[in-house]
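Chains as they are written, first to last, in the working numbering: chain A, 24 to 265; chain L, 24 to 265.
Any given hint might turn out to be false.
Just so you know, same-sequence chains aren't split out, so a pair can sit in one copy or run between any two.
[What the hints assert, rightly or not] Only pairs whose alpha carbons sit at most 16 Å apart, straight line, appear in this in silico EDC-like list of lysine to aspartate or glutamate: (1) 261 / 144; (2) 86 / 105; (3) 224 / 195; (4) 224 / 212; (5) 175 / 43.
The hints are simulated quantities; they were obtained by calculation from the structure and are not laboratory data.
None of these values were measured; they are calculated from a predicted model.
Protein chains: 2
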Amino acid sequence: MSNKPTLHTSFSTALLHLYDVSNSIVVIIDVLRATSTIATALYNGAKCVIPVDSVSRCIELGKQIEGITAGERDGKIAEGLEHGNSPFEYPREFIEGKTLVLTTTNGTRLLHMALEKGAKEIITGSFPNLSAVCDHIIEMKQNVILGCAAWKDRVNMEDTLFAGAVISKIGEYFAINCDSSHMAATLYEKGRRDLFGFMKKNNASHYHRLMNFGLEKDIRYCFTADKANILPEYKEGKLVVK
Amino acid sequence: MSNKPTLHTSFSTALLHLYDVSNSIVVIIDVLRATSTIATALYNGAKCVIPVDSVSRCIELGKQIEGITAGERDGKIAEGLEHGNSPFEYPREFIEGKTLVLTTTNGTRLLHMALEKGAKEIITGSFPNLSAVCDHIIEMKQNVILGCAAWKDRVNMEDTLFAGAVISKIGEYFAINCDSSHMAATLYEKGRRDLFGFMKKNNASHYHRLMNFGLEKDIRYCFTADKANILPEYKEGKLVVK
Chain A
24 MSNKPTLHTS FSTALLHLYD VSNSIVVIID VLRATSTIAT ALYNGAKCVI PVDSVSRCIE
84 LGKQIEGITA GERDGKIAEG LEHGNSPFEY PREFIEGKTL VLTTTNGTRL LHMALEKGAK
144 EIITGSFPNL SAVCDHIIEM KQNVILGCAA WKDRVNMEDT LFAGAVISKI GEYFAINCDS
204 SHMAATLYEK GRRDLFGFMK KNNASHYHRL MNFGLEKDIR YCFTADKANI LPEYKEGKLV
264 VK
Chain L
24 MSNKPTLHTS FSTALLHLYD VSNSIVVIID VLRATSTIAT ALYNGAKCVI PVDSVSRCIE
84 LGKQIEGITA GERDGKIAEG LEHGNSPFEY PREFIEGKTL VLTTTNGTRL LHMALEKGAK
144 EIITGSFPNL SAVCDHIIEM KQNVILGCAA WKDRVNMEDT LFAGAVISKI GEYFAINCDS
204 SHMAATLYEK GRRDLFGFMK KNNASHYHRL MNFGLEKDIR YCFTADKANI LPEYKEGKLV
264 VK
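In isolation and in its complexed conformation, chain A is listed as follows:
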């Protein structure tokens, strides 16, 4: 038997319950674009990011704590909110020292589920903070679950590719008896040289959705490693730099 900690990949929020969450670090993955934007805002000096699951909760909390409210519906800033989901909306000169209240349905639901199931630690992962995630989970020597948020529970390509990137970099430090992880790593190896092109070639649903909104720049950024290389950790309702 191996003494290495285990690593599993959950392809969807609807599958997280299958894994031993209470004994693991859970990495929340919502590549396009929630966790990429979270890493970017924190990297650029945001005090914290508070993820919420609805526009109304975002508006309410934004008033209560004088935070910046952000979220989109159908590619536009949601009514009543101030900003969108693009990482480019949060440069240092704007976000430094501020609190960002961000609505994100898929990622927030997964995060709350990990919390309810008693995860040892909850962090968020995206290509912009790939190395920070990898360095941390190697150092911790704990069991890890790579939790893909997916889209309304349907498995998506981009979250899978990020899980694959993590496994590709640090898989050797873990015992991986998990077909989803091997699938993710194989897909990443296949696409790693040009992830944007891989999304396009494979007709990934979010590639089309975001391209239709004119967001090619966002997609390209969200597939670029280590542009915002900090580690967001969820503590007492907030994501802060660990």
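Based on the hints, put chain L in the right spot on chain A.
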């Protein structure tokens, strides 16, 4: 807009509810080994195969209809049953004209779920009957869901590879807005030249489980296309050749 019917892949029984089952043909996929054995028994002249979800139900029904009872637990014939899950146990000289009552937890649960959700038609798929499945769904011109049984709801490599094989052969006849389908097709394309080797290289969990039981021959057969090329359809509680 495309006039083609849609095709989706559900990676796990736990994800089937996300898809429009009542408007679709559902292909039940449980490659190692339930649906491969079902195809083989029917190809070799079994009158029908009745899938049941427990050993006790298998024993009971076997007595009631004088059927051959089959099922395994931990790689051995389950107590009280007569035969195992290997396709090699069902040659023509043994199974012709007989009814096989087969316990299979993952595949049967998926099949019952598709039934409850009102699938238009339920068929079973495996490499031994790959072409029969493909020919049929092209001909039907209906929406299709490739339903991977998975293993206790965890996504597995072999069912995904079969979904990918179907998409690789007949994807052009369908509108596919489904990342799972594209992931499956990409994995299949990567592994198609040597699926057995691909399972081994990727440390697929069922590869190890069955190899440990000395069942390499079963795995190799279950990844060979068109050795039992009939189409099992679920009608009135039984799988029969369509």
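| field | 16 Å Cα threshold - placement of residue 105 relative to residue 86 | value | Within one copy only: 12 Å inside, 69 Å across.
| task | Evaluate residue 224 and residue 195 at a C-alpha cut-off of 16 Å and name the case that applies: within, between, both or neither. | result | Only across copies: residue 224 and residue 195 sit 14 Å apart there, 29 Å inside one copy, limit 16 Å.
| field | Homomeric proximity label, residue 224 with residue 212: Cα distance no greater than 16 Å | value | both (15 Å within a copy, 14 Å between copies)
| What label fits residue 175 with residue 43 when the C-alpha limit is 16 Å: within, between, both, or neither? | between (22 Å within a copy, 14 Å between copies)
| message | Reference check for the pair residue 261 and residue 144, CA-CA at most 16 Å: within, between, both, or neither? | response | Answer is within: at 13 Å inside a copy they meet the 16 Å cutoff, but 48 Å across does not.
Comparing the model with each numbered hint stated earlier shows that all of them hold.
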